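> Respectively, the protein sequence lines represent chains Z and E.
Reading the first sequence from the start, the letters are residues 2 to 105 in the working numbering.
Reading the second sequence from the start, the letters are residues 38 to 193 in the working numbering.
There are no misleading hints in this set.
So, partial list: chain Z residues that the calculated Cβ filter (under 8 angstroms) puts toward chain E:
1. Phe-7
2. Thr-54
3. Thr-90
4. Phe-101
Because the hints were derived from the structure by calculation, they are not lab data.
All values derive from a computational prediction rather than experimental measurement.
Every residue, glycine too, gets a C-beta built ideally from N, C-alpha and C.
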Amino acid sequence: MNKLKFVYISSISASFTIGLIALITVSAELSPGFKDMLKGWTGHHWVSKSWLTVIIYAVCALLCYLHCKNRKVGELWAQKSIDALIFTTIASTTLILAFFIRHS
Amino acid sequence: MLDFILDNKPVLVGLHLGLAILGIDFAIWVLGELVANVTSNKRIKYAAVGSLVSFCLSWLIGGYYYVKYYGPLVKPQILESTAPWAHKVAMEAKEHVFLFLVPIGLTLITLSLLRMDELKKLNLKQHFMALTFLTVSLGLLIGLAGYIISASARWA
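Chain Z on its own, in the form it takes in the complex (with noise of 0.2 angstroms):
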């Protein structure tokens, strides 16, 4: 496997595990039954969080090299990929910085 592989598909991996927990948190503080069932799964929400980004980003990965497999990636997806982390950590930061400042 090439070395633009590994960064496409970690890239493309963290953006997508970033996003996501972004989103779980927001949803667990709007929904008190979900936060209930995070933490049911671990004793406490951020623990079951935390384990939630290594299983994402460890399935996202898994997917990503199956889907890349038998195709060549260009440094142009390497560079998006990259661009969408960047995109999506900030994104992901204010939503949940802003989400708290307004629900305090």
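Add chain E to chain Z, keeping to what the hints say.
The following block gives chain E in isolation, referenced to the frame of chain Z:
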């Protein structure tokens, strides 16, 4: 030794903070190597791995402290203080944004596998630098949130 660490709140906070600072420092090191245009990616690789390992250890230790001590002991104190927002905003944002550092750290490692000539040829150097800068910025933002929480707990 492990029992001493796990039962000692200031040691846990110190390790959590120290390792997070180390993670930020390693990321700054990566940035410095990229700015300096070094030909070999050997040190970039070590620094990227060092950053991820530091952030992961900080995550584990901080997580243990958060669940075992912060929730039952510190959180109620802050919520009853004159600055409950320190928990409601700073801590809530910090504990969740911290989770972003691990997938980003893994991506920095994949980028560090590329040599400088490959990074330039593939037009990835600027992207690598931007992502590393974002990691440092997030780390510092989380550090600021940590300071706010500690200060509000101390003065509660």
